[in-house]
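Peer 1: Fit chain B to the given chain A structure using the hints.
First to last, the protein sequences are chains A and B.
1 is the number of the first residue of the first sequence in this note's numbering; add one for each residue after it.
1001 is the number of the first residue of the second sequence in this note's numbering; add one for each residue after it.
Worth flagging that the hints you see were computed from the coordinates, not collected in a lab.
All residues carry an ideal CB built from backbone N, CA and C; glycine is no exception.
Be a bit skeptical, because a hint or two may be false.
What the hints assert, rightly or not - Simulated restraints, written as ranges between beta carbons of each label pair: (1) A:N60 with B:V1179: 51 to 61 Å; (2) A:D228 with B:L1036: 57 to 67 Å; (3) A:T316 with B:F1139: 26 to 36 Å.
Stated by the list, open to error - Facing chain A, according to a computed beta carbon distance under 7 Å, are these residues of chain B, among others: (4) F1028; (5) E1202; (6) T1204; (7) A1275; (8) M1279.
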Amino acid sequence: MGKLLQIQNNERLNRADIPHLEFDVFRQELVDFVENGGQIVQFFAYEDQGAMKLLAVMRNDKLFVAGCDGPDHFDSLTAESEKFHMFEREIGEQYGLKAEGHPWLKMVRYHENYTGKKDVFDNDYTQDIPGNYPYFQVEGETVHEVAVGPVHAGIIEPGHFRFQCCGERVFHLEIQLGYQHRGVEKLLQTVPFKRLPIIAETIAGDTTIGHSLCQSQAIESLADLKVDEGASIVRTIALELERIANHIGDLGALSLDVAFNPPAAYFGRIRGEYLNLSQVLCGSRFGRGLVRPGGVTHVMQEEQRQLIREKLAELTPEVIHVSDLIFTAPSVLGRFDNAGTVSHENGEKIGLVGYAGRACGLPYDARVTFPTECYGDLPANTNEKTDGDVCSRATVRREEIMHSTALINTLLDRSAEAASYIPEEIKLAADSFVVSLNEGWRGEVSHCILTDDKGEILRYKVKDPSFHNWTGLALSLRDQGISEFPLCNKSFNLSYCGFDI
Amino acid sequence: MESILSFCFAVLIAPLLPAVIQKVKAYFAGKQGPPLLINYYTTIKLFKKGSVYSTSTSFVFKMGPVVGFTTSLMMLLFFPMGEVSPLLSFHGDVLILFYLMGLGRFFTILAALDTSSPFEGMGAAREAFFSTLAEATVFCILILFFRLTGSLSFNEFFSGPHAMNLMGEYGALLILVVVGLYIVMLTENSRVPVDDPATHLELTMIHEVMILDHSGPDLALIEMGAWFKLLFYSGFLARIIDPFHSENVIVNALLFYAVVIFVYVTVGVVESITARYKMNLVPKFILTPFILVFFVTILTMGVLQ
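This is chain B alone, in the form it adopts within the complex:
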């Protein structure tokens, strides 16, 4: 029961949180910013609209948003938000989760290529390249967590005697993991300094350019998929950082979401104080966390055993 409620709450709150980033950015720019509920309004507006399909596209184009949305939604099924066990949990669920994400991306890229627009092909190439690089870090983190907890399930990462938490026994190592995961989060969710979600310049876009041709409900599905994905990554980070623990489930959940909001705020701050990198520097930026996490993994190994 708790798991179902937790899942529903996560789905409902996911559109709210990105507006926090916009608010923070607006604050830095001396503006008022959009209302916090902006994403709900946008979603409702988009669902009321029809979709426009180019005659050069096929069924693949229509599948992209659906698969992307479903896989993102499924990620939340596996992830323990707060300290509530997720709906689905078994040994190896982390692998399924990240491959689901890969599947969603694969179909988004296919849909972009299906439009045969030169921009979208360019964006797809960038997305494929950068997310491949980011994947190295993600799997390195999984290997590390497996070594430390002996488990391949999200629920077990964060519970039990060896819980992955900054307050726990591996705190020092996890600092580097947090940094690495943060960079992966920025990359995977097309945030500054890797991508600029606010730009209108199609030649510089990565993720946005792939969805230029989607409209109406399709676009809404893609946007919602992106919000779920961002929530998943910040939830992942929050579970590692979250220093609070309470016996009460509700208090725990509130504390957890407070940390999640903190992560969103830091994203807003990062976007306000840095410019995005030149495209050819982005791979170096994405590979940095891999090196960090790989180093951490080495530190957990014995010498001459």
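This is chain A alone, in the form it adopts within the complex:
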């Protein structure tokens, strides 16, 4: 296990310093690492001067990195541990490197690979999803299949869900995404530099701050920019406001899904109030245009502080009251309890992150383990209910709303003011590597940038927490009634476009 290099979050490394191992050694190291409870942050392929390479960033309570050459065919790591399964499928899809012996080598987003190698899945991409992939089939006289989407009732994003059912009972749910694949990673490697933050903000519209923060920190590290304390405070507040607004919206939606209307209506309004606080902070309700490499575009002055402070004081009792309304209604608890349970063991196996992970008793929180901005000296949160069901996920969110409110109040009392943001010519360090992790509202968001010898971006890797957690949703539906799906889905509330990138 000693061959991986320990690094820090947002630490710039010369690429030459990353241990470059033999594939077999690399494989063994990684397998050993995850066997000891480690998880994967990034595991991807890239092309460097015509040669394919693999790179893995791993975490336990520290971060580690290692790389190796990327063979066209390699022994699947998923055969040893489930944690790798999405990553190996992605590697196969993006670069045509085939993981031999992968138990379920299925496309991820359905696009041609970047290298022109033979397609790993033998798909003809002029045809629609799923190409020649045969969906999971369960056979038997009383088994029936319900296919939902990709076009849904309501205003959700496109995704295809296939339930294999026996009556009302679900044996298996298969989720097929990729309908919103925009080629974000490719785009980030090719567009003019000043467009990078704008693209990062749109990776997942509800995680604007999460993604733009990751990108800005990574670029700051590569370009050796310092961020003053005032800007850090604004960034932290923005991230926490994003968390609160989304959690509140989802608690309301959960209550609507069980046909309990009043809290849904109240939380719908209160969510708007928190979005308005983002607007006070940066002029955009969704945090657009705030975080930029080097600082923040809006200076928080006493007037904004006061506005946010007063509004929080007004909203917090309302939030507590409405949460109580949800969590004390027996009929609601009857729906939440024991619905869509993901066991601690399964959650660990598939590497759940964020509130979905914490609800299964996986306490990992990037704000605590790999703190950035102001998080180093802020108190952590603990979760009481960790049964892995819908109720736990809802409770964790409720606790996080209160925790985040406390964090914002603490930060508002700090007097440091951000310097005005002046865009400057940014030059990235050549032949460097950086990985950046932040706890977005949905969980660990991570960006990884590799630069070439001219300081151009060689590989930009984005990972939204949804990349881990969609598998969790599929598992939560096992042996549930099919009518529980909307509730389970909302309790995870994963991003389609963040996954599809």
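Peer 2: Just chain B, lined up with the frame of chain A:
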């Protein structure tokens, strides 16, 4: 003459009352809610539209709404709204009425299956199952009423010396019947906590999912059928509860509709303060009134006679 007027009034007012439920729910949610006449607007809008038919459907699909609407309308012919005798009344009309309802449901289910959509089949299965369970209660109530009044006609249930009214001689027994009938009403009309008429989540729907493919006038007919059915059940309840009695027909009718509106308001309140049940708990919920009413029926029997 009175009977015809009463029937026409019931038909005209049926779309108004569900808006009361929406208003109550909106009040609980701190919203304004839709206008009270919303359902009239919706009906007019739907009738102006054309219908879209999937190529996989047959004439059965088009029959569903028509039969559903007609049977619901016919139910109002048999039911004495206010204290006015219904247009049709004879010994055994209660049986016809409930079988008409069954016929309407049968065709709605057939129409849903005809679309061969996996959702609609699922909804049809749920509807068939749950309404079968609810039927047990309904017929148990009829047996009870037959024992108490010796009649099988709605008009005679509520008139004569043994009228079925909370104020009457069997008041205590009827309390349990009211509870049972209320639950049956919620079930048969797809209300919370059995079904959620407001949801957009097709996997959780029961009734709504069966009519997903209907559009335009067809949808309007289905909606109107549902309003008549709800009016019938709340009218049934109101006749049992209604404590007022006046010699004047019009005053009587007004008092009766006031009680009907009260029933609608309680539905709105129930929908605002409870979440709907897990699907696998619904059968237990629907069978509860059967046990209640069965118990009541036993109470009316003698021992060792």
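Peer 1: Evaluate the given range 57 to 67 Å for the C-beta pair formed by A:D228 and B:L1036.
Peer 2: Taking Cβ atoms as reference, A:D228 and B:L1036 lie about 59 Å apart, which means the hint holds.
Peer 1: For the range 26 to 36 Å, tell me whether the beta carbons of A:T316 and B:F1139 fit it or not.
Peer 2: violated (54 Å)
Peer 1: Cβ-Cβ distance between A:N60 and B:V1179: within 51 to 61 Å?
Peer 2: At 59 Å between Cβs, range holds.
Peer 1: Using 7 Å as the Cβ threshold, decide whether B:M1279 counts as touching chain A.
Peer 2: holds (4 Å)
Peer 1: Would you check whether B:F1028 satisfies its interface hint, that is, whether its CB is within less than 7 Å of any CB in chain A?
Peer 2: Because about 5 Å separates B:F1028 from the closest Cβ in chain A, which is inside the 7 Å limit, the hint holds.
Peer 1: Regarding the hint that B:T1204 lies at the interface with chain A, is the smallest CB-CB distance below 7 Å?
Peer 2: holds (4 Å)
Peer 1: Take the shortest C-beta to C-beta distance between B:A1275 and chain A; is it under 7 Å?
Peer 2: holds (4 Å)
Peer 1: Does B:E1202 hold up as a contact with chain A if the rule is Cβ-Cβ below 7 Å?
Peer 2: holds (6 Å)
The structure does not agree with numbered hint 3 stated previously, though it agrees with all others.
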